[in-house]
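> Sequence:
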Amino acid sequence: MTIQKKIRKSWRTIKKSTKATIGFFMIIILVLVALLAPLIAPYDAEEINTGPALQATSKEHIMGTDNYGRDVFSRVVMGARVSLRISITVVLLSMLIGVPLGILSGYWDKFGSVIMRIVDVMLSFPWVMVAMVVAAILGGGEKVVIISLVFAYVPTFVRLMQSVVLSVREQEYIDAALVTGERHSSILLRYIFPNSSAPLIVEATLVMSFVILDEAAISYLGVGVQPPTPSWGVILNEGSQFMWIAPHLSIVPGLAIAFTVLAINIFGDGLRDILDPRYMGGLRELV
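The numbering used here numbers the first residue of the sequence shown as 6 and each following residue consecutively.
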């Protein structure tokens, strides 16, 4: 099947759910804003004194300026690139580590018991504390956010895949494959993983929305992305000092975060509906 045919089939599947369609277009808007940010932003996001400090909405600055005279609209638009890049990186790395471990721990009980004990230890450490420790070692920045949040969300994917695989491996077609002498590696790749993909896809979208919020929280605390690099959490942190005299500094990035989380959650909720067994062939059409 060609890539074009797969795209058409995936689009037909997404259209089955109004929520998935709405969320999909909202995400497309976000992605386009992030990709075209240098063209959309009228000013350099780090350039100071582009206008009077703490200026409200004007023709030159449609969302006002911050305490350094930087254009808020430009910073929020460029911040989309930073926040989305971090969220996508965290989800991909968490899946890259967590999914194989979850599949193996669900397929082999002895291996699973060891992995789940390690997962329990990881969950005992609050991710905020991990972020602060990593910041003390590495000095802050995007890498602190990514490392601490990957540490936080790997257990999520391990537990999810283990529970799904425990259910899938009890199916008759798995027993039949074992009886015919098929190798374990082949069973994992041909049967276990494809039949575990539906909940993984949904969970990945939900985790991405959580990562957006967590990144904002870490940067807000000052141990994540560092000024003057624009991320939504950094902009919120800087604006909180002027909440009463320049509320737009906090409202604008707050709305950007809310829109992003809403878009991803709507899309994920729609995918859950599509991949429900009541939707015939939903998963088959996605893959």
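Incorrect hints may appear among the rest.
What follows is a list of derived Cβ distance ranges for each label pair [claimed, not checked]:
id : residue 1 : residue 2 : range
1  : Ser118    : Lys21     : 38 to 44 Å
2  : Gly186    : Ile206    : 27 to 33 Å
3  : Thr26     : Lys64     : 34 to 40 Å
4  : Tyr178    : Lys148    : 21 to 27 Å
5  : Lys115    : Lys20     : 56 to 62 Å
6  : Leu143    : Glu177    : 49 to 55 Å
For lysine to aspartate or glutamate, the following DMTMM-like pairs were computed, each having C-alpha atoms within a straight-line distance of at most 20 Å [what the hints assert, rightly or not]:
id : residue 1 : residue 2
7  : Lys115    : Asp125
8  : Lys24     : Glu187
9  : Lys20     : Asp180
10 : Lys64     : Glu52
11 : Lys21     : Asp274
12 : Lys148    : Asp125
13 : Lys115    : Glu52
14 : Lys21     : Asp278
15 : Lys20     : Glu175
16 : Lys24     : Glu177
17 : Lys14     : Glu175
Simulated from the structure, these hints should not be mistaken for laboratory data.
C-beta: ideal position from N, C-alpha, C; glycine also.
> Hint by hint, work out which the structure violates, then give me just those numbers in ascending order.
4, 5, 8, 9, 12, 13, 15, 16, 17
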